[in-house]
Amino acid sequence: MIHLFPLPALIIYTLFVLYPIVSAFLYSLYDWDGIKRGVFVGLKNFVTLFTVEPFHEMFWNAFGHNVYYFVIEMIVQNGIAFGLAFLIYRKIRGAAFLKMAYFMPRLLSVIVIGFLWKLILNPNYGALNTLLTEIGLQQWAKPWLGDPDTALLAIILINCWFGIGFAMLIFLAGLQAIPEELIEAARLDGATGFRLLWKIILPLCMPAITIMTIFTFIQAFEAFELVYAMQGSMGEPFRSTDTLAVYFYRLAFSSAGGAGDVAVGLGSALAVVLFFIVASVSAVSLYLMRKREVQH
1 MIHLFPLPAL IIYTLFVLYP IVSAFLYSLY DWDGIKRGVF VGLKNFVTLF
51 TVEPFHEMFW NAFGHNVYYF VIEMIVQNGI AFGLAFLIYR KIRGAAFLKM
101 AYFMPRLLSV IVIGFLWKLI LNPNYGALNT LLTEIGLQQW AKPWLGDPDT
151 ALLAIILINC WFGIGFAMLI FLAGLQAIPE ELIEAARLDG ATGFRLLWKI
201 ILPLCMPAIT IMTIFTFIQA FEAFELVYAM QGSMGEPFRS TDTLAVYFYR
251 LAFSSAGGAG DVAVGLGSAL AVVLFFIVAS VSAVSLYLMR KREVQH
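Numbering of the sequence shown is given in UniProt numbering, commencing with residue 1 and proceeding in unit increments.
Worth flagging that the hints you see were computed from the coordinates, not collected in a lab. Computed from a prediction, not measured in an experiment: that's the story for all the values here. Treat the hints loosely; a few may be bogus.
Here are the computed lysine-lysine pairs in the DSS-like style, where the Cα-Cα straight-line distance is at most 30 Å [unchecked claim]:
{"#": "1", "residue 1": "199", "residue 2": "99"}
{"#": "2", "residue 1": "199", "residue 2": "91"}
{"#": "3", "residue 1": "118", "residue 2": "91"}
{"#": "4", "residue 1": "142", "residue 2": "118"}
{"#": "5", "residue 1": "199", "residue 2": "291"}
What follows is a list of derived Cβ distance ranges for each label pair [as the list claims (entries may be wrong)]:
{"#": "6", "residue 1": "253", "residue 2": "143", "range": "40 to 48 Å"}
{"#": "7", "residue 1": "17", "residue 2": "253", "range": "17 to 25 Å"}
{"#": "8", "residue 1": "47", "residue 2": "196", "range": "48 to 56 Å"}
Glycine is no exception: its CB is placed at the ideal position from the N, C-alpha and C atoms.
Sequences and hints are given; from them, build the entire structure.
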């Protein structure tokens, strides 16, 4: 009977992970609206996605936003998270409170976070513009989500605030895995302060940094819930907050994706492309991490 123990987990994994992936690959080869019988078109959906307007323009617009999402999250979210993790690692006063306070946003739904911040950033009665006006910085008050120059950045920074706690715990685990003897030996050799951090701690923490980089990349390229909750499925204003996941939603589940009707086949082709982007970058990152571990 013991060999049947993993069966429930295997069934759930097959139904909710393997089956959708295989289905997406199959649907990407068909011209299908989700209702009528699909027509096999081979790789035509992929060709359309990359060569035919408006699909070509929408894809690269969304792809650029995903890359921007990743870069800002790496700098802001992971930079702050590593700094906080390092402070806690140094056993500063209030470390337990810091861990709890920065992880608390993870307890809330992303949709709830989105609606909450949409109220805070409201140009008419939002708390942020009201605060700026009260302290004499009314020239900084603006429609944060209505301005194409600030809408995506605002969403990314909110996502950074939401994800700092998780990233901090990953980095803290990496820091705590460093043998204390190595730190003491480095100090005896005269390494202190920034030199100790740069020459000893960061290299030894690279596995955690690599893992968090992969998590951040996956999160950035699958960005959907927060964008959808705050800006809807059109990536407003003027598609300045569009991402590949939001564009997939428009293609596969609405008539606003550029095809004039629901295009499950095109949407599935986009999902397959997104899958290969995430899988290939993750695989290369893991390979480089393991290669580095073998060398050291």
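Okay, the hints, checked on the actual structure:
Distance restraint check for residue 199 and residue 99: the Cα-Cα separation of roughly 26 Å lies within the 30 Å cut-off, and the hinted pair is therefore satisfied. As the CA atoms of residue 199 and residue 91 are separated by approximately 21 Å, the hinted pair is consistent with the 30 Å bound. Straight-line distance between C-alpha atoms of residue 118 and residue 91 comes to about 36 Å, which puts the hinted pair past the 30 Å bound. With a C-alpha separation of about 13 Å, the suggested pair residue 142 and residue 118 falls inside the 30 Å cut-off, and the hint holds.
Using a Cα cut-off of 30 Å, the hinted pair residue 199 and residue 291 holds, with the two alpha carbons roughly 19 Å apart. Taking 40 to 48 Å as the suggested C-beta distance range, the pair residue 253 and residue 143 does not conform, at roughly 28 Å. As the Cβ distance of residue 17 to residue 253 is approximately 20 Å, the hint placing it in 17 to 25 Å holds. Roughly 54 Å separates the CB atoms of residue 47 and residue 196, a value that falls within the hinted 48 to 56 Å.
This entry does not satisfy hints 3 and 6, going by the numbered hints stated previously.
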